[in-house]
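Asker: Sequence lines, in order, name chains A and W.
Taken in order, the first sequence gives residues 1 to 267; the numbers are from this note's numbering.
Taken in order, the second sequence gives residues 1001 to 1248; the numbers are from this note's numbering.
Worth flagging that the hints you see were computed from the coordinates, not collected in a lab.
Keep in mind that the hints are not guaranteed to be accurate.
Unchecked claim - Straight-line distance between alpha carbons at most 16 Å, and here's what the computed EDC-like set of lysine to aspartate or glutamate pairs gives: (1) W:K1167 to W:E1005; (2) A:K170 to W:E1089; (3) A:K169 to W:D1146.
To be verified - Derived coverage of chain W by chain A (criterion: at least 3 residues anywhere in the stretch with Cβ under 8 Å from a Cβ of chain A; other residues may be distant): (4) 1071-1083; (5) 1107-1117.
Glycine is no exception: its CB is placed at the ideal position from the N, C-alpha and C atoms.
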Amino acid sequence: MTDMVVTGNPLRDPKKIARKYFAVALFAVLVIYIADTIIIEGTDWERMGSLEEVVKTMLFFLPDFSFFPQTVVPLLETVLIAFWGTALAVVFSMPIAYLAARNITPLPWLTYPLGRCMIVLSRSTHEIIFALIYISALGLGPLPGILALASRSLGFMAKTTSEAIENVKKGPIEAMEAVGANRTTIFFFGVMPQIFPIFVGNAIFQLDINIRRASILGLVGGGGIGLMFAEVMQNLQYDRAGMIVVGITAMVVFGEFVSNRVRQRLV
Amino acid sequence: MAVLEISQLKKTYPGGELALKGVDVSVEAQEVVVLLGLSGSGKSTLLRCVNRLVEPDSGTIVLDGVDITAQDKRTLRRTRCSMGMIFQEFNLIDRLTVLENVLSGTLGTTSTLRGIFRAFRQEDIQRALALCERVGIIDHIRKRADQLSGGQRQRVGIARALMQYPKILLVDEPTSALDPKIGREVMDLLTEVARELKIPMLVSVHDIFLAKNYSDRIVGLQGGEKIFDQETRSIETEELDQIYHEAG
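Using the sequences and the hints given, assemble the complete structure.
Answerer: Laid out in structure tokens, this is it:
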């Protein structure tokens, strides 16, 4: 290295190189320190025992396929929670998107910040927190799960839709103004057809994500497959838990497959 | 009596750009008037002031004896129903079919509910089909508007404007987005239908050839001011060339 520096290559300024190596070294020390404190110190190695025991414990989770029939209904319930959560979000995101799109919002000084506020509120809160709020209000079951997913997706849908509205071509809107159309029909003819593909694409994307989200809502009492997973874990039925994991994976992969196909068709 | 009487029209854009400096233009019944000028001469602004897509600062615009500069939004919408506009970039709704685009010309006189569900009246559909036939796009009515060529798209724009039973057609650079041959076809069609249906037209154009061949009268605009206003028959090409010279 030092030989190269002596040649005076401007790309190899010795000061810069020294600084770079120093930064890498510092980073390495930091990583080792973190690994030491939170993995090596923080783990109960005694309790974990030998490698043989670890493998044995993991084998508890080998799926019990005879449990499969009992998982079907909760899995379907999960898909339905995701579906209804997304559907509600799609419907209620439209008026919010209307308020939060700077170019069409009816009263810019009032409705625009209102729409933006709702979007931020929805996007900054985790679905588990929404679920806990709705569960304490409505009790256990799929309904609070649906509302939690809807509340979470609402912001994303409203945000992407309002941005699509802000980016529409002006020409068709101008043409609709020129034929004497009113605000509502201008929206349905000048704006809607332009944002439609983006809107549908995002709705499918949310459905896809909501299937994942729905599968863990049960852990806090939001219904669906997560509830069953929490139950079998509490009863130490690890083989059944393994089966549920396989089921969730299959469901998610299937959901992704379907949503990809639909989205391709759309574009 | 003139169908359209524009007097002392002034417009300054928010940026301070002076677009129109007090222009008078009138359009008689069944007359084709061309606004000739370079880009920036104010011809698009003038056209857009007529249906108040652009709000003029001062001056009056009288359509069929009614001053529309003073109209409130509601009345203005009703007035717009009787003015057909044709655009340089066609301004069609790309994802809707050709027939739906033509029918969108009736939106001003169709109820909101019918509009939302695209449930147009039977007589409007009949008329739309007849107009599609007339402008030569009847074979494409089920296609999406974005599948058509430029010339066909402008024909859809013409049919949409005619759907309005317009008292006047406002035509903004109808051929600028088209190649010269297609552009002449569109101008031929436009002047033919206007004559057939006895609709006067105010057309903005930057091409002297088009101005001379398709108009009854030419109004020259330069830097927001009218520099000539003559019958096309009596005008010499040299006079028209003025629009290409910078204002002294």
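Asker: Are any of the numbered hints broken by this structure? If so, which, sorted upward?
Answerer: none
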